[in-house]
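K.L.:
Please work from the sequences and hints to get the whole structure.
Residue numbers (this note's numbering), protein chains in the order written: chain A, 1 to 115; chain B, 116 to 227.
Honestly, the hints are just simulated from the structure, not real lab data.
You may find that some hints are simply not true.
To be verified - Straight line, CA to CA, 25 Å or less: simulated DMTMM-like cross-link-like pairs of lysine to aspartate or glutamate:
1) K44(A) / D123(B)
2) K222(B) / E85(A)
3) K11(A) / E203(B)
4) K164(B) / D56(A)
5) K214(B) / E14(A)
6) K15(A) / D86(A)
7) K44(A) / E203(B)
8) K214(B) / D86(A)
Computed from a prediction, not measured in an experiment: that's the story for all the values here.
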Amino acid sequence: EAGVAQSPRYKIIEKRQSVAFWCNPISGHATLYWYQQILGQGPKLLIQFQNNGVVDDSQLPKDRFSAERLKGVDSTLKIQPAKLEDSAVYLCASRRLAGGLDTQYFGPGTRLTVL
Amino acid sequence: AQSVTQLDSQVPVFEEAPVELRCNYSSSVSVYLFWYVQYPNQGLQLLLKYLSGSTLVKGINGFEAEFNKSQTSFHLRKPSVHISDTAEYFCAVRGGYQKVTFGTGTKLQVIP
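P.N.:
Laid out in structure tokens, this is it:
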């Protein structure tokens, strides 16, 4: 089966600009995650969707970050305006079940550089 | 709250030597434990997971890990490493509300 797709793979912007990332999870996967991975750190959960509803967005900087998952399939993550400290790899992951013991599958990530 | 500690940020090891990457966790509820590998410029790939049952878990690429509840540890081991094992390894815990928390990662450098 096809994996989690993300685009773009790389993005360079200047601070205060806006940027959007796109994720297409594995077909049929109910749960979708966005993670931020800053260089030298482990991934940090930004937001978790179950179908098209938000389960956990406690670590999402809501003053500048937003995410949506229309129709419970694809998802977009937006940053507006970007700051230097937003430079990171943004990882999307999906899981088939909302609960249970199944595995989370990760996409290749989008590397964002804010100048 | 749950947390994961990977004390070693980098581990150099000679090719064909054994390796152990350490992981300790804390959680107020029962947890599931995972090890992921990340090769340069790639996403995370699941190596192995502990959900229940036998505390010794075998994964891909010859890796295995042992869950030790009393020591709250889930160390990753391989008896003989290859150059291709050079990558960053992340320990993760899934606890309450299905939230996954990752450690800061350990870079394994295999020396020829």
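K.L.:
Take a quick look at whether K44(A) and D123(B) sit within 25 Å of each other, Cα to Cα.
P.N.:
Given that 25 Å is the threshold and the Cα spacing comes to 19 Å, the pair holds.
K.L.:
Take a quick look at whether K214(B) and D86(A) sit within 25 Å of each other, Cα to Cα.
P.N.:
Measuring from Cα to Cα gives roughly 22 Å; hence the hint holds.
K.L.:
Is the straight-line distance between the alpha-carbon of K222(B) and that of E85(A) 25 Å or less?
P.N.:
23 Å, holds
K.L.:
For K15(A) and D86(A), compute the direct alpha-carbon distance and say whether it is at most 25 Å.
P.N.:
9 Å, holds
K.L.:
Next pair to validate is K11(A) with E203(B); report whether the Cα-Cα distance is within 25 Å.
P.N.:
Given pair K11(A), E203(B) holds - Cα atoms ~23 Å apart, limit 25 Å.
K.L.:
Please work out if K164(B) and D56(A) have their alpha carbons no farther apart than 25 Å.
P.N.:
Holds, because 23 Å separates the two Cα atoms, which is no more than 25 Å.
K.L.:
So if I understand the rule, the pair passes when the alpha-carbon distance is 25 Å or less; does K214(B) with E14(A) pass?
P.N.:
Given that 25 Å is the threshold and the Cα spacing comes to 32 Å, the pair is violated.
K.L.:
Run the distance test for K44(A) versus E203(B): straight-line Cα separation, threshold 25 Å.
P.N.:
Answer holds: K44(A) to E203(B) is near 16 Å, not above 25 Å.
When held up to the earlier numbered hints, the structure conflicts with hint 5 and nothing else.
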